[in-house]
Amino acid sequence: MITQRSVEEGAAMEQGKTNPNYFVACSICEMNPEDMKKLGIWKNTNVRVTSECGTVIVKAIVPTQYCPPGLAHIRQGVWANQVVPPRTQSTGTPQYSGFPVTIEPAPNERIKTALELVQGAVGLWKGGN
Amino acid sequence: MVKTIKQVGCPYCGCSCDDIEVDVSDDETKILEVRNACIIGTNLFHHANDPTRPKLPRLRQPDGSMKEISYDEAVDWAAKALLKAKKPLIYGFGSTNCEGMSAIGRIAEKAGAVLDNCATICHGPSFLAIFDNGYPSCTLGEAKNRADVVVFWGCNPMHAHPRHTSRYSIFPRGYFTQKGQMQRTILNIDPRETDTAKLADVHLMVQQGHDYELFDAFRTVLRGHDIPDMVAGIPKETIQKSAEIMKKARFCMIFFGMGCTHSDGHNHNVDIAISLTRDLNTHTKASIMAMRGHYNIAGPGQVWSWQFGFPYCIDLSKGTHAHMNPGETSSVDLAMRDEVDCFVNIGADAGAHFPIQPVQHLKKHPFITIDPNFNMASEISDLHIPVRIAGVDEPGVVYRMDNVPIQFKAVIKGLPGVPSDEQVMDRIYERMCELTETKPVWLAAKEDRKYPESSAKVN
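Chains V and L are the protein sequences, given in the same order.
Quick note: the first sequence uses this note's numbering, first residue 28, plus one each step.
Quick note: the second sequence uses this note's numbering, first residue 1277, plus one each step.
Some hints here could point you the wrong way.
Below, a list of computed lysine-lysine pairs in the DSSO-like style, where the Cα atoms sit at most 30 Å apart [to be verified]:
no., chain 1, residue 1, chain 2, residue 2
1, L, K1594, L, K1331
2, L, K1343, L, K1640
3, V, K139, L, K1331
4, L, K1523, V, K139
5, L, K1523, L, K1512
6, L, K1331, L, K1689
7, L, K1343, L, K1331
8, L, K1523, L, K1561
9, L, K1362, L, K1343
10, L, K1282, V, K153
11, V, K86, L, K1639
12, L, K1685, L, K1356
13, L, K1517, L, K1561
14, L, K1715, L, K1282
15, L, K1474, V, K64
16, L, K1360, L, K1282
17, L, K1474, V, K70
18, L, K1639, V, K153
19, V, K139, L, K1343
20, V, K153, L, K1343
21, L, K1356, L, K1279
22, V, K153, V, K86
23, L, K1594, L, K1639
24, V, K153, L, K1685
25, V, K65, L, K1474
26, L, K1640, V, K153
27, V, K86, L, K1594
28, L, K1594, L, K1561
29, V, K139, L, K1640
30, L, K1561, L, K1455
31, L, K1455, L, K1282
32, L, K1561, L, K1331
Simulated from the structure, these hints should not be mistaken for laboratory data.
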């Protein structure tokens, strides 16, 4: 799994992180179509991504920029950071790219909003959207 | 009548484009049109018009809601929280001007804080490599005017720095590169076929996390030795061909990004990239540059290096001198070890861009955000102090990714009553001095500029 920038993410972020465009731009996982087929995932359906330190529901899409089999990409931001391991190998920089994840179909799960994820993680989420 | 302001600096990415034109309303309160900027910069300027922008600080109440309070109350709350904490962490500064970065130095010293900036989760490993191995770099102007071979390693400027290729690296016509793109050969090393890779003459689709091996293979080939048939997923012939292109260049420019610093290897990837650049200089001219993310993220590196001798991860808790040791004094590690007892997030969004565990740890203690907009950090903060947007309604000095300082201007008037980062920090510092009954120490440059009454107290 890698998590990096995209112009869609940047453009939506500058409109505000509670803007619906930010949700659309960042709550996705770009996967190689072959991998999707192997895992029984339909494109544009939700998946559960689990790493050594967390889990997040995002929508699986065909990559906007080609990903080879075995590599998936969540655009940097709130959803990606639910699964990014905070270990830094003594450099101060977390492992934003190149960490193992399990991706499984979760078509009936709901994708949480950015605010729900972050406020929920620190016990401040009061419900609603 | 509409006013057009030319040569405006764009406060988004490390390109710090300074050719933006902005149309503003007659009373200079609204941005009407933005020209020359990329979509991200355009959105940023237009977002400043947002009528819901916060105008007053907000303090979290016992029931979890946020209540608006005055700036004086907010300054007092922040000063007391910083003084009470044994080891506060002050993080951010991707999106402030150098004046704000300088002002925070006084607060950090007074509070015995750890001072860190966004490089800690970004190009921090590049700093480590540069300390060890030097930085044979140049300015973007030189890249534009001289480079006929450009290497993008683990970076995707078409997405992260949208105008980089048109202003500096692929398309522009320079003094020795008058044919622009026709004259340049582009190499791209990336595990994905990114939109930058599509522009490249040769795309080496490296196996994710195997950058070090590939750099090493390039160095081996340049020194005339043989390499295995396949290195990091790239066939030997492709590596040899690419090394030959670099060697035959008149000026080879290597840009590297998060693909190197975020992946396995971290600083070692950058270290060997610098060694490769040095090796290339035995054959031709070569230079290397970090693709810094924010328009002024090179700023804290400069400002704090003058002030404290270190660019980031600066631990001032000893009270006598600064020390820096990423892995120990870096924000994410400090948070994970629960070593800090107050967190101040300035001009950045730790809530969205830190992995979630450190955020959970930091939230156990007072959490303060100083930022013009609502963001994830502000929405979990105990105190959110809104400020002006540097580069939009507040002028200031910024350092571009090649460490060239540029004076940014304000294009509109700031929201009434909303101070700049620098003013908020100076007020917090003054309040801390009042509470501890000590004299504020102002730099000579500040004496008659902003605080004549304070300068009288010194000496």
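Against the structure, test the hints numbered earlier, and report the numbers of the ones violated in rising order. 1, 4, 10, 12, 14, 16, 21, 24, 27, 28, 32
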